[in-house]
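Visitor: Add chain B to chain A, keeping to what the hints say.
Protein chains: 2
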Amino acid sequence: MERIFINTPSTKSEILVGHSWENLSELLPETGVVIITDDNILKIYRKKFPDFPVLSVAPGEKSKQLSVIEKLAGGLLELGIDRTGFILAIGGGVVCDIAGFLASVYMRGIRCGFVSTSLLSQVDASTGGKNGVNQGSVKNIIGTIRQPEFVLCDPEMLLTLPDDEFLSGLSELIKTAIIGDRVLFEFIENSRDEILNRNTELLTMLITRAVNFKSIVVTEDERETGLRRILNFGHTYGHAIELERGIMHGFAVALGMELATAFSKKMGYLSADEADRIVRILNAFNLLDNKFIPAEDMEKLIVHDKKKAGSSIHFVFAEGIGQAVVRKMAVSEITDFYREFRKK
Amino acid sequence: MERIFINTPSTKSEILVGHSWENLSELLPETGVVIITDDNILKIYRKKFPDFPVLSVAPGEKSKQLSVIEKLAGGLLELGIDRTGFILAIGGGVVCDIAGFLASVYMRGIRCGFVSTSLLSQVDASTGGKNGVNQGSVKNIIGTIRQPEFVLCDPEMLLTLPDDEFLSGLSELIKTAIIGDRVLFEFIENSRDEILNRNTELLTMLITRAVNFKSIVVTEDERETGLRRILNFGHTYGHAIELERGIMHGFAVALGMELATAFSKKMGYLSADEADRIVRILNAFNLLDNKFIPAEDMEKLIVHDKKKAGSSIHFVFAEGIGQAVVRKMAVSEITDFYREFRKK
Numbered sequence: 053m054e055r056i057f058i059n060t061p062s063t064k065s066e067i068l069v070g071h072s073w074e075n076l077s078e079l080l081p082e083t084g085v086v087i088i089t090d091d092n093i094l095k096i097y098r099k100k101f102p103d104f105p106v107l108s109v110a111p112g113e114k115s116k117q118l119s120v121i122e123k124l125a126g127g128l129l130e131l132g133i134d135r136t137g138f139i140l141a142i143g144g145g146v147v148c149d150i151a152g153f154l155a156s157v158y159m160r161g162i163r164c165g166f167v168s169t170s171l172l173s174q175v176d177a178s179t180g181g182k183n184g185v186n187q188g189s190v191k192n193i194i195g196t197i198r199q200p201e202f203v204l205c206d207p208e209m210l211l212t213l214p215d216d217e218f219l220s221g222l223s224e225l226i227k228t229a230i231i232g233d234r235v236l237f238e239f240i241e242n243s244r245d246e247i248l249n250r251n252t253e254l255l256t257m258l259i260t261r262a263v264n265f266k267s268i269v270v271t272e273d274e275r276e277t278g279l280r281r282i283l284n285f286g287h288t289y290g291h292a293i294e295l296e297r298g299i300m301h302g303f304a305v306a307l308g309m310e311l312a313t314a315f316s317k318k319m320g321y322l323s324a325d326e327a328d329r330i331v332r333i334l335n336a337f338n339l340l341d342n343k344f345i346p347a348e349d350m351e352k353l354i355v356h357d358k359k360k361a362g363s364s365i366h367f368v369f370a371e372g373i374g375q376a377v378v379r380k381m382a383v384s385e386i387t388d389f390y391r392e393f394r395k396k
Numbered sequence: 053m054e055r056i057f058i059n060t061p062s063t064k065s066e067i068l069v070g071h072s073w074e075n076l077s078e079l080l081p082e083t084g085v086v087i088i089t090d091d092n093i094l095k096i097y098r099k100k101f102p103d104f105p106v107l108s109v110a111p112g113e114k115s116k117q118l119s120v121i122e123k124l125a126g127g128l129l130e131l132g133i134d135r136t137g138f139i140l141a142i143g144g145g146v147v148c149d150i151a152g153f154l155a156s157v158y159m160r161g162i163r164c165g166f167v168s169t170s171l172l173s174q175v176d177a178s179t180g181g182k183n184g185v186n187q188g189s190v191k192n193i194i195g196t197i198r199q200p201e202f203v204l205c206d207p208e209m210l211l212t213l214p215d216d217e218f219l220s221g222l223s224e225l226i227k228t229a230i231i232g233d234r235v236l237f238e239f240i241e242n243s244r245d246e247i248l249n250r251n252t253e254l255l256t257m258l259i260t261r262a263v264n265f266k267s268i269v270v271t272e273d274e275r276e277t278g279l280r281r282i283l284n285f286g287h288t289y290g291h292a293i294e295l296e297r298g299i300m301h302g303f304a305v306a307l308g309m310e311l312a313t314a315f316s317k318k319m320g321y322l323s324a325d326e327a328d329r330i331v332r333i334l335n336a337f338n339l340l341d342n343k344f345i346p347a348e349d350m351e352k353l354i355v356h357d358k359k360k361a362g363s364s365i366h367f368v369f370a371e372g373i374g375q376a377v378v379r380k381m382a383v384s385e386i387t388d389f390y391r392e393f394r395k396k
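Just so you know, the sequences run in chain order A and B. For the first sequence, my numbering assigns the number 396 to the last residue and increments by one with no breaks. For the second sequence, my numbering assigns the number 396 to the last residue and increments by one with no breaks.
Some clues are possibly wrong.
What the hints assert, rightly or not - The calculated BS3-like cross-link candidates involving lysine-lysine, where the alpha carbons are at most 30 Å apart (straight line), are:
hint, chain 1, residue 1, chain 2, residue 2
1, B, Lys99, B, Lys123
2, B, Lys114, B, Lys352
3, B, Lys114, A, Lys123
4, A, Lys114, A, Lys95
5, A, Lys64, A, Lys123
6, B, Lys100, B, Lys123
7, A, Lys352, A, Lys318
8, B, Lys114, A, Lys114
9, B, Lys123, A, Lys191
10, A, Lys191, A, Lys343
11, B, Lys64, A, Lys64
12, A, Lys352, B, Lys123
13, A, Lys191, B, Lys114
14, B, Lys99, B, Lys114
15, B, Lys352, A, Lys123
16, B, Lys123, A, Lys123
17, A, Lys191, A, Lys95
18, B, Lys191, B, Lys95
19, A, Lys64, A, Lys191
20, B, Lys191, A, Lys191
21, B, Lys317, B, Lys396
22, B, Lys395, B, Lys318
23, B, Lys191, A, Lys123
24, A, Lys114, B, Lys123
25, B, Lys191, A, Lys114
Said to hold, decoys possible - Facing chain A, from chain B, some residues (calculated, C-beta under 8 Å):
hint, residue
26, Ser156
27, Val157
28, Gln187
29, Ile197
To be verified - Residues of chain A placed beyond 12 Å of chain B at every Cβ, according to the derived structure:
hint, residue
30, Ser77
31, Lys99
32, Ala110
33, Ser243
34, Ile247
35, Leu279
36, Ser323
37, Asn342
38, Val377
39, Lys380
40, Val383
Worth flagging that the hints you see were computed from the coordinates, not collected in a lab. Ideal Cβ placement from N, Cα and C applies to all residues, glycine included.
Isolated chain A (complex conformation):
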């Protein structure tokens, strides 16, 4: 088992990779624990849950709403959970987002920990303390940044994951390799089949490297005022594609990375050879489908994202494989490149 620590001004947090979640109780207080999960996870794992009351939400993004938070807070009250209580999230990104937010506002903050059940949340979403709910189509507009006491990533749990969810998570793993870990990139290049066979030992190693990198970034810049922005590689175009096409996050980010890679090459940050390697790895895992959205829609959605993020867009370029650089770009530069790319 690997342990990775995050120390930020607000809290200490520990990510445990390869820890069997059946030994969870060592990490929990004896009383006052409530489990928050979704109905899918409940079906698969309920029998193995530790013996605490459970509040379950409907699976999927539609549960990320303030009205769900309100309902869960009512559930905690009914269970008599007070300021000494502990919320244990067992689930993927959505469950951890909801439970993390709830824990940071219920009675002005109670303890929490996560068992991260999807590859996407193990390699990315559950590390870093960002949580929140949506408002209409605007994602994560209401939330906080607060580290859980622990995040437990048990790769055995990935064996029950549907294929598309597994691949979607791989996309964020590849992103991490591109922006911060050349060795990880090479591991992924060289072990395609073992990864797709979900070799648990290999996955433990890959997830550990990804979490390790992310923990360094988050420790340095918890509130995303600088360095943390590099984690958005592929996300400027990717978000727009995700919104427009309604596809899974990782697949949209993969297309966004294909675009950002070509853009990085054009700007001279990547050699033609490195750009080819990135596209090749994305194709090796069937993450690209060449279905790009109309340029006018891309423009509208990027302007919309810009409104959310402030006056200029911090675009992330790959600078060779294993490093990234952030540049302020005008919307027109980003959309012009999109038009140019689509014409090819």
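Guide: For chain B alone, kept in the frame of chain A given last:
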């Protein structure tokens, strides 16, 4: 003008007492500001508001709901407020509670400052960073602790306050004197008429003393794990009375202080003479009405509060005038004393 600083692990905050709110713009950024207020304040002061967009809520406790937070977040989005935005609350406790919570979760936290318009919020509620909304009848169950950048207390604004709201605020001022400031207590004893005439200079001095004491307590114990509990003097019985009778917070706390004073005398923390002085000052401002709720209801409500607050009740006793002491008490001890008091 008096300036009082609060430095906690999370933020720096500044309380300005006697600062004219018409000089507010010095404290604000030039762009990205949104004012949050209620319809009453809007009616009285709109013309004097600085020139920024306004989102207004219905006055009173019923606006402290997650659905109102959601609506306001939608309003901020429509106004194009991003992570660099600034929320300016202009109002009493309810407005500051809502706006403070919104600022701590909108886009995972944006800047905020308060113009505190009621005596209750100037002497107590707006200092200390607690914010939040209710769930049904359970108060402040969802919220955070986060200091605003500034709290501006302009006693001139108290001139438009209805009498009962003014008296309700005085009750918390007297509470502060009892638990922490003997000199303040004597000032209040000796200047009843000037206070009731709302002499601005005198009020500035009294509010400054109260804020000063609270800021020391909050700096020492932001998250209420020890010292901060003394601020709850009169609140154990007071909360129950407030819930049952639906009277204003300060009047309920005054009755709670009458009870806690008698209890403190019985426990040997207060002399008969000191207890008399406390009751006399509460009567001098017409804060007591001798209408106590049935003992069974008191018991039910205290058990309910206990559920919220954890396994034991930290009861606050006055230890002479100007000092307080917290003791863990069994529910039965607290309700037994209530029965005994009512028989007299």
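Visitor: With reference to the structure, classify each hint as holding or not holding.
Guide: Hints and how they fare:
1. B:Lys99 - B:Lys123: OK: B:Lys99 and B:Lys123 at ~25 Å, within 30 Å.
2. B:Lys114 - B:Lys352: Status holds; Cα separation ~23 Å.
3. B:Lys114 - A:Lys123: holds, 18 Å
4. A:Lys114 - A:Lys95: holds, 19 Å
5. A:Lys64 - A:Lys123: holds, 29 Å
6. B:Lys100 - B:Lys123: holds, 25 Å
7. A:Lys352 - A:Lys318: holds, 23 Å
8. B:Lys114 - A:Lys114: Given that 30 Å is the threshold and the Cα spacing comes to 27 Å, the pair holds.
9. B:Lys123 - A:Lys191: With a Cα-Cα distance of about 15 Å, the restraint between B:Lys123 and A:Lys191 holds, given a limit of 30 Å.
10. A:Lys191 - A:Lys343: holds, 23 Å
11. B:Lys64 - A:Lys64: holds, 22 Å
12. A:Lys352 - B:Lys123: holds, 24 Å
13. A:Lys191 - B:Lys114: With a Cα-Cα distance of about 27 Å, the restraint between A:Lys191 and B:Lys114 holds, given a limit of 30 Å.
14. B:Lys99 - B:Lys114: holds, 26 Å
15. B:Lys352 - A:Lys123: holds, 24 Å
16. B:Lys123 - A:Lys123: It holds: about 18 Å lies between the C-alpha atoms, which stays within 30 Å.
17. A:Lys191 - A:Lys95: holds, 27 Å
18. B:Lys191 - B:Lys95: holds, 27 Å
19. A:Lys64 - A:Lys191: Since the Cα atoms of A:Lys64 and A:Lys191 sit roughly 27 Å apart, the hinted pair holds (cutoff 30 Å).
20. B:Lys191 - A:Lys191: holds, 28 Å
21. B:Lys317 - B:Lys396: holds, 15 Å
22. B:Lys395 - B:Lys318: Within the cut-off at roughly 15 Å; holds.
23. B:Lys191 - A:Lys123: Between B:Lys191 and A:Lys123 the Cα gap is close to 15 Å, so the pair holds against 30 Å.
24. A:Lys114 - B:Lys123: holds, 18 Å
25. B:Lys191 - A:Lys114: holds, 27 Å
26. Ser156: Since chain A brings a Cβ to about 7 Å from B:Ser156, closer than 8 Å, the hint holds.
27. Val157: It holds, given that the least Cβ distance between B:Val157 and chain A is near 5 Å, below 8 Å.
28. Gln187: For B:Gln187, the interface hint holds, since the closest Cβ of chain A sits about 6 Å away, which is under 8 Å.
29. Ile197: holds, 5 Å
30. Ser77: A:Ser77 clear of chain B: closest Cβ-Cβ about 22 Å, beyond 12 Å.
31. Lys99: holds, 31 Å
32. Ala110: A:Ala110 clear of chain B: closest Cβ-Cβ about 18 Å, beyond 12 Å.
33. Ser243: Fine: 36 Å to the nearest Cβ keeps A:Ser243 off the interface.
34. Ile247: holds, 33 Å
35. Leu279: holds, 16 Å
36. Ser323: holds, 35 Å
37. Asn342: holds, 33 Å
38. Val377: holds, 22 Å
39. Lys380: About 14 Å separates A:Lys380 from the closest Cβ of chain B, which puts it past 12 Å; holds.
40. Val383: Answer for A:Val383: holds, closest chain B Cβ roughly 14 Å.
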